[in-house]
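Asks: So the chains spell out like this:
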Amino acid sequence: MTAPLFAIGLGTGTRGARGNWLEVFYPAPLRNVDAALAAALATHCGYAGGNAALEPSAQQLAALATALGAAGHEAQAAIAGQLAGGRGAPVITVLATDAAPASVPEAYLKLHLLSHRLCRPHEQKLDGLFAVLPNVAWTSEGAIEVAELPARQLAARVAGRTLTVHGVDKFPRMSDYVVPAGVRIADAARVRLGAWLGEGTTIMHEGFVNFNAGTEGPGMIEGRISAGVFVGAGSDLGGGCSTMGTLSGGNKALIAVGRECLIGANAGTGISLGDRCTIEAGLYVTAGSRVTVIDEAGAVVKVVAARDLSGGSDMLFRRNSQSGAIECLSNRAAIALNEALHAHN
Amino acid sequence: MTAPLFAIGLGTGTRGARGNWLEVFYPAPLRNVDAALAAALATHCGYAGGNAALEPSAQQLAALATALGAAGHEAQAAIAGQLAGGRGAPVITVLATDAAPASVPEAYLKLHLLSHRLCRPHEQKLDGLFAVLPNVAWTSEGAIEVAELPARQLAARVAGRTLTVHGVDKFPRMSDYVVPAGVRIADAARVRLGAWLGEGTTIMHEGFVNFNAGTEGPGMIEGRISAGVFVGAGSDLGGGCSTMGTLSGGNKALIAVGRECLIGANAGTGISLGDRCTIEAGLYVTAGSRVTVIDEAGAVVKVVAARDLSGGSDMLFRRNSQSGAIECLSNRAAIALNEALHAHN
Amino acid sequence: MTAPLFAIGLGTGTRGARGNWLEVFYPAPLRNVDAALAAALATHCGYAGGNAALEPSAQQLAALATALGAAGHEAQAAIAGQLAGGRGAPVITVLATDAAPASVPEAYLKLHLLSHRLCRPHEQKLDGLFAVLPNVAWTSEGAIEVAELPARQLAARVAGRTLTVHGVDKFPRMSDYVVPAGVRIADAARVRLGAWLGEGTTIMHEGFVNFNAGTEGPGMIEGRISAGVFVGAGSDLGGGCSTMGTLSGGNKALIAVGRECLIGANAGTGISLGDRCTIEAGLYVTAGSRVTVIDEAGAVVKVVAARDLSGGSDMLFRRNSQSGAIECLSNRAAIALNEALHAHN
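The listed protein sequences derive, respectively, from chains A, B and C. Quick note on numbering: the first sequence equals residues 1 to 345 in the working numbering. Quick note on numbering: the second sequence equals residues 1 to 345 in the working numbering. Quick note on numbering: the third sequence equals residues 1 to 345 in the working numbering.
Excised from the complex, chain A in its bound form (with noise of 0.2 Å):
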């Protein structure tokens, strides 16, 4: 075992009735993973090589904490310790490759890795996460399996405690499993395990990020940031505004936005964006829409589809309040970020 594994990480989860994994949190997931510490995994917690979910004794952490710690792991051992004396069900996940998901504990490491910012969006292969992720009931008493919700929350009426259900969703909330560096969460409701949140991120609370998308930081995030898309550095949605995904219906292509972009509130984009753009408040230009491109002198220099527009820099679309059409401008007004706002994200 000379080359480094993928990743590994070292967690605790939750089980449903038929044992079956409902969620896993692992405090410190790691990348590109040293030879030493997959030895320590093989002589303690039984690791054959490849792929797999260990479900460690109490025993076999302590062990294992022992020799992470002689190791230098001194992280690691610490988490192996504490997992070793703690309740909750302990896993070690270890992905010798980046495969595709085969289990909860494996899909949860790779979430993990990416709301860690350990591996961008899109570096990973994530296929068939859907129909590996479970739909969880999200508690103030834990992960809940769906069809065991009901029992408690008589149970808990009952008994008079207050069982709260946040969600019901195959995604749990990524503030609950990790909070990045120099990152701000409104409303964490909003930010699903598996997003990538550059440092000086700002999400409000009218902004979304879902898994693998995200921002490179600093930012003012009010719009929404759908699966797969990447917003680059110092861009800023506007309240509401809209980055089309491709999960629903509505787009073909991924979409990204480049650096220093700002859409508008209540704005919507369906193509590529560039660095230096500017879509105007209440405006959604789809990759359909057919966009008047004008000059700096004010000429009209060709009407075309916007998806043939798509990446470009330092465009500026606005519907023309006058006659109703979408143009693009050459966008030389610099973006202003607002400074104190940035320099306290």
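Hint data in this document are derived by calculation from the structure and do not stem from the laboratory. Heads up, a few of these hints could be off.
Copies of one chain are not kept apart here, so a pair can be met inside one copy or by any two copies together.
Said to hold, decoys possible - Straight-line Cα separation of at most 20 Å, SDA-like style, residue types lysine to any residue; simulated pairs:
{"hint": "1", "residue 1": "K252", "residue 2": "A305"}
{"hint": "2", "residue 1": "K302", "residue 2": "N320"}
{"hint": "3", "residue 1": "K252", "residue 2": "N331"}
{"hint": "4", "residue 1": "K302", "residue 2": "S323"}
Using the hints provided, position chains B and C relative to the given structure of chain A.
Replies: Below, chains B and C alone, put in the same frame as chain A:
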């Protein structure tokens, strides 16, 4: 008592300091209840006919549990037994007929009938519902009367407890009462008790469903379904889109959305849509919008107010991106549901 | 000390590991505080004038409670008494004058003055607020310093507790600090501490209110009120609508909305509206939008930038659905509030 009763609920609720009901949880409400169950309620809990909210003692509940078990109503017997031994304030609400809700227990039973999918929207009388429902603080310590909240907040602080107030409203979250089968709700704050969600429905974070409204399912809902609005099978609502309601000055006529429609992100409709309609992202079609109807040859057929098209099928609405005119075309393009996504709803 | 003090708050808060304040809860802040109360603070808690955050001992609080009771300040005496015997970190913040907030306790007192409706938006100096407020993880176990969160999350897991992170932000939810009388807030995540909500205000799930912003009430608010924006009595904001703020590149000038306005669903404004204005659903009026002003006879009066109409009353904005031009008409149609709805706000 030979005619079936409209509905019954065995439940447990919360009262304010003056003994007034704040809310009631019914684990398994019933519709069209047979005479035997009604007779058991008369015998053991003093039910004397009509619509009533009974407040049985523990002994009465225990006797009722035995009687229900003997009569073959195992599930209801189990509930009665748990309520007999538990905390909280038990209540049995009987609606002999479907009349306007006259009390909090009656109102909550009617909202449960909707969310348990026992009654569809518009099948019950809900007159005066807002006047009956109290405004309640929904917290991590359960329902609290708004007037008592300041004292409870200070008491929690000095005791070292964390009291979180999720909302202050006449309606609680549906998920804290029931999660019907085959449904996903990404942010449970956005689905009110009283919503009707059919199998295969996914309410994404930007989606919203009011009481007495809902979706046949399957459907990917990322927009807002106003009170009274129902969305047919196979329809998807894009992020931030709007179905205009009648509660707040916007619309006079109640609208509905048929099957296999697609309302684009940040779009909206103030008219009903039949089947297989599409509204382009960013376009709001109001009842009064003047719409240019265009035939398949591209010729203008007529210009009408959108309300004259209300309920039509196979309509595609767009705003001509060169002329600014709202146009309605025949919607030949099939709405291709993302099959992988809907397969795992 | 004969001049009244600007404000006082007896409170209890949370500190991080280094003793730094994360947040402070003031159950009953006071504005324009008479000399007797100030003298009691000097005598018992070492208050020496100016703006200060005192950290009284339990004994000092007990003595203060007695003194306040003797002086007729029953409510404040009760609070002092509870703080004396309770957990948490007590703090008494005195603002002799309204100056830029110099500490977390001072900043929180100012935000409380807004949310308790003791100061309206724009009545206080809030310079440097963002620099003073720390970024905090708001959780089911209270406020946690972001740097301590990973250890707390792992500790909760191994102990079998569920730790939910509601948000990571400089501002907490208003509802966890105060719910002013006569208000409904459907999703409390969407109203920040520092919002000013007048009686009769309902903030629906899609509504949002930032700090130093708010509503006179009554009003049905389903759209977003940006920092600094105030909405007059009887105005309704439709679902998803936007009032453009100044914090993120959108607008230069602060705007306000007057009385009895209706901003349609998914609409938006970048200009101030006087009274009885309407913006059609889906239309975003930016400051630079060219608007065709039309008189009651239907004739074009002028074409101006929308900013030239800022603050006007009785204006109806629509986008002509045949020509695509943004038009402004005289708003003769009364805005009929849904009386049943507002009666039960």
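Asks: Provide an ascending list of the numbers of those earlier hints which the structure does not satisfy.
Replies: none
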